[in-house]
Structure formats: C-alpha cells, structure tokens
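J.: Sequence:
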Amino acid sequence: MAHGSVATPAFIPLATKGSVRGLSSREVAELGYELVLGNTFHLHLAPGEQAIADRGGLRRFMGWERAIITDSGGFQVFSLAHGGVADEIKGRRGSVAGGAKVEVSEEGVAFQSLLDGSSRFLGPEESMRIQAALDSDIALTFDECTPFHADRDYTARSTERTHRWLDRCLAWHEAEGPATQAIFGIVQGGVHEDLRRESAERNSAAPVDGIAIGGTLGREKAEMHRVLGFTLPLLPTDAPRHLLGIGEIDDLMAGIGMGIDLFDCAIPTRLARHGTALAPDPAGRFRIDLTKSAYAGDDSPIVAGCACEVCSRHSRAYLHYLARNKDLTGTRLLTLHNLTYMERLFSGAREAIAAGRFSVYSAAVIDGASPWQAQS
RNA sequence: UCCGGGGUAGCUCAACUGGAAGCAGCGCUCGGCCGUUAACCGAGAGGUUGUGGGUUCGAGUCCCACCCCCGGAG
Numbered sequence: 027m028a029h030g031s032v033a034t035p036a037f038i039p040l041a042t043k044g045s046v047r048g049l050s051s052r053e054v055a056e057l058g059y060e061l062v063l064g065n066t067f068h069l070h071l072a073p074g075e076q077a078i079a080d081r082g083g084l085r086r087f088m089g090w091e092r093a094i095i096t097d098s099g100g101f102q103v104f105s106l107a108h109g110g111v112a113d114e115i116k117g118r119r120g121s122v123a124g125g126a127k128v129e130v131s132e133e134g135v136a137f138q139s140l141l142d143g144s145s146r147f148l149g150p151e152e153s154m155r156i157q158a159a160l161d162s163d164i165a166l167t168f169d170e171c172t173p174f175h176a177d178r179d180y181t182a183r184s185t186e187r188t189h190r191w192l193d194r195c196l197a198w199h200e201a202e203g204p205a206t207q208a209i210f211g212i213v214q215g216g217v218h219e220d221l222r223r224e225s226a227e228r229n230s231a232a233p234v235d236g237i238a239i240g241g242t243l244g245r246e247k248a249e250m251h252r253v254l255g256f257t258l259p260l261l262p263t264d265a266p267r268h269l270l271g272i273g274e275i276d277d278l279m280a281g282i283g284m285g286i287d288l289f290d291c292a293i294p295t296r297l298a299r300h301g302t303a304l305a306p307d308p309a310g311r312f313r314i315d316l317t318k319s320a321y322a323g324d325d326s327p328i329v330a331g332c333a334c335e336v337c338s339r340h341s342r343a344y345l346h347y348l349a350r351n352k353d354l355t356g357t358r359l360l361t362l363h364n365l366t367y368m369e370r371l372f373s374g375a376r377e378a379i380a381a382g383r384f385s386v387y388s389a390a391v392i393d394g395a396s397p398w399q400a401q402s
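Note that my numbering numbers the first sequence so that position 332 is 358, with each residue one more than the last.
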C-alpha cells in the first residue's frame, strides 16, 4: 500500500468523520494502529470531499500518516431508513424510528441529508468519486446492506444489484480512479447460503484487491458463525478479507480463527464514551461498566497487569468519577484503554499465529485470560 | 422587629379561578450499544405537597398559628 503495510489480523479503529473520536491522530499511531476507517457518506455531507481534497486528501486533513480505508456509504444510507441499525441488522425491532426518506433504485440511493434536509444522491460512481477525492488507500465498493427483516426474494434482488454496482464501481475506478488506490468488494447475501455463495464467487472473480463481508449475519452469534463458516471458504486466500462492523471480543477470536484479516467496529471507541471499558471478563461480555456505583471506591486499575497509560496510573474509582461527570478526560482515558486493549489482543493473536498456537491463545482469551496472559 | 416572596421527588421546579400531584429537567438504579444519525438511547424507582389546626362533598391551592429560607426596610 502507498502509506505503509498492515500486519494482520488487525483491528481498524473508526474515524468515521475524520477523527478517532477523542484522540489525536498521533495518539492513534502511538497505540500501534496502522489503518483507520473513514466514511464516504459522513465526509461527503461535511465538510465535503472537495474541501478535503483541497487540503491534500483525508490523510493530510486529519494529520494521519498511515493508511486509510474508506467505507462506501452504503451502510450509512441504509441506516437512514432503518434508524437503529444494530437492532435491524440483528433482527430486533428498532427502538429509534427511522423515518428518513430513502429511495433505492438501480441507479443508486436518493435520500435527504441529516444535516440540512437537502436532497442527495449516492450511487456507485458518486461513492467512488468521493473516495477518490478523499484519496484513501483502500476504497470499498458501494453496496446495499441487506437488512435482517428483508425477505429472501428482496435479499436476492438486492444482492444482484450490489453486484452490478460492483461492476460500475470497478469501471469508474479503472477509468478515473487513483492508480494507487486499492479496492475491496463486498459480499452480501444475508443469511442465505446460496446467495452468499453467489456473492462470494462474484467478488472473487472481480479484479478487486480484497473482499469485505457485509450485510446481516443473523440474529444470534451462532448464526453469524454459521454464515461466516460457509462464506469464508469461498473466498480467495491470497487477498485480504475484511469482516465489516464486527468487534465483540469473542467474535473477533472466532473470526480470526476462520481466517479473517481485518475488522472494524465502533465498539471500543463508543463504549468508552459511554463509560465502559474492555476487560477479560467473559461473564460480563468482556466489558466493565465503570459508571456503576460499585466502582466508586475501587482503587484497582481497570485491568490488572494492563500496561496502558490508564491502567498504570488511574483507579477504577477515578474513572468512575470522571464517567459519572461526563468528563472529557474520562472519555479520552477509556478510549485510550479500549484501543490499547484491542491492539494488545490483536498483536497477541499475530504472535500466536506466527507461533502456531492461535487456537490456544483464542481459547484462553474466550475463557477470560487477558491478551498478555493468553500469550504465555 | 416590620414588609414582601417562598417551602411539592435526592436537587431545580410544574400544577388556570379549590376538583384524581408531573410523559418535567438533573440525579439515582437497571438495560442497551457491533461497516458511529450515538460524550448516546431506553426503562424503572422515588412525594403523608414545612408543622399543627380550621373551612369545604373535596385543600398543594382558601383561613389561623407556628417553624425554616431569600430579599428589602429599620
């Protein structure tokens, strides 16, 4: 890649709107990350791709010297219609009303801007043009994220359309896109094996540099594992595989075990802003909610033995106090811890893989060992 | 001491001329958060309306006394 290599498997922090929320780009680099994910949709609405291009592209704009991958915006447009994306994609009924007008056609997606209500349109060519202007190292093709509640017939037609969009993205990129920019296709198909197979074959046959897996992966973790289980073997082994949006620790271990190279997720940064720290606690879903009053007098660090700045200097009591007060310093500290923890988890996985003992490492992590404990 | 204003949920406050005490904000407790509409969202608990009398079918609302708080005057 033009701006550095990425050791895999890797976790990719989200910089949706051009920043890893709460941290400076220098801090993110110092944590060891080599790739962050920006978003076409958000950056198009504000400040606009032209403004970013005028400032030398997204990397220079946000002061990040390493590589950037940009999501195509398909998922975001989808979220406009469905409101609570997580609820919809996992088959729950969303609590937040969607409401925004979104019309999907063969051409692309017409919608109203959340910022000013203006009419907007995003299609394969627009998405690729914007990603070219952002000058990301890796662009994702424009797709429709199939909802859990879509029936098989809709999912089939949607996936077919996403494939036609894939061709249009590649055509635009070949004609006008930056030669240095890599392209990842996206496998859709919902939870249906035959549709996933068709989509995997379609993407594998296309001249892409990597393949991402998107769309709903089912309601339960077991179903996600099932879908990944029959999808991954269909992908070429010589190109990076990116599982979009998945980031709970047990799922990451499972995904790495199945051969996924890249993961991006809002969890470490969002949970941090909501007062929750990542921790080696399977019973607590690998989270510790520091806003709970139980931590008001807890002098221990978030995770004993964690070498991060936060755990080496601050107590749970202090972080509890900061979180209760919605103090920005608390937000930053928890973000630093969570991203440090996630990177430790992945560097541990890389070492374990190199040593041929990933299954042991993974089992230990899922069983409640910290990354450094699982390594030994 | 006098005049005025005020005591309703843990806090700050709602409740037209007396008619079932509030979808109130904050806080608290619990849930949620997975290609970020998210420093966010949802649910719940919580009141003998300062105290004691009185009028009334009915009083947070009116009357009397007292206790606190705020402002002003002496």
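Honestly, the hints are just simulated from the structure, not real lab data.
Any given hint might turn out to be false.
To be verified - Only pairs whose alpha carbons sit at most 20 Å apart, straight line, appear in this in silico DMTMM-like list of lysine to aspartate or glutamate:
hint : residue 1 : residue 2
1    : 43        : 60
2    : 318       : 353
3    : 43        : 80
4    : 247       : 264
5    : 127       : 142
6    : 352       : 377
7    : 247       : 142
8    : 247       : 274
9    : 247       : 219
10   : 43        : 91
11   : 247       : 202
12   : 247       : 335
13   : 247       : 227
14   : 43        : 142
15   : 247       : 235
16   : 352       : 324
To be verified - Simulated DEER-style distance windows between Cβ atoms:
hint : residue 1 : residue 2 : range
17   : 179       : 127       : 21 to 31 Å
18   : 381       : 245       : 41 to 51 Å
19   : 318       : 399       : 23 to 33 Å
We put the beta carbon where it would ideally sit given N, CA and C, even for glycine.
J.: State for each hint whether it applies.
T.: Going down the list of hints, with the structure as the test:
1. As the CA atoms of residue 43 and residue 60 are separated by approximately 18 Å, the hinted pair is consistent with the 20 Å bound.
2. Between residue 318 and residue 353 the CA atoms are separated by roughly 16 Å; this keeps the pair inside 20 Å, and the hint holds.
3. This hinted pair checks out: residue 43 and residue 80 have alpha carbons roughly 17 Å apart, not beyond 20 Å.
4. Under the criterion of a C-alpha separation no larger than 20 Å, the hint pairing residue 247 with residue 264 is inconsistent with the structure, at around 27 Å.
5. Of the supplied pair hints, the one linking residue 127 and residue 142 holds, its CA atoms being roughly 13 Å apart against a limit of 20 Å.
6. Proximity of residue 352 to residue 377 is assessed by CA-CA distance (about 37 Å); at most 20 Å being required, the pair is judged violated.
7. The hinted pair formed by residue 247 and residue 142 fails the criterion: a straight-line CA distance of about 38 Å is larger than 20 Å.
8. For the suggested pair residue 247 and residue 274, the alpha carbons sit about 10 Å apart, so the restraint of at most 20 Å is met.
9. As the CA atoms of residue 247 and residue 219 are separated by approximately 16 Å, the hinted pair is consistent with the 20 Å bound.
10. This hinted pair checks out: residue 43 and residue 91 have alpha carbons roughly 17 Å apart, not beyond 20 Å.
11. Under the criterion of a C-alpha separation no larger than 20 Å, the hint pairing residue 247 with residue 202 is inconsistent with the structure, at around 41 Å.
12. Pair hint residue 247 plus residue 335 does not hold up; C-alpha atoms about 33 Å apart against a cutoff of 20 Å.
13. A hinted pair counts as satisfied when its Cα atoms are at most 20 Å apart, and residue 247 with residue 227 does not qualify at roughly 24 Å.
14. Restraint check for residue 43 and residue 142: the C-alpha separation of about 17 Å stays at or below 20 Å, so the hint holds.
15. Between residue 247 and residue 235, the direct Cα distance comes to roughly 28 Å. Violation of the 20 Å bound is thereby established for this hinted pair.
16. Annotation: proposed proximity of residue 352 to residue 324 holds, straight-line Cα distance about 19 Å (limit 20 Å).
17. Checking the proposed 21 to 31 Å range against residue 179 and residue 127 shows it holds: the Cβ atoms sit about 23 Å from each other.
18. Residue 381 and residue 245 have their C-beta atoms about 36 Å apart, which leaves the hinted 41 to 51 Å range violated.
19. Separated by about 25 Å at the C-beta atoms, residue 318 and residue 399 satisfy the suggested range of 23 to 33 Å.
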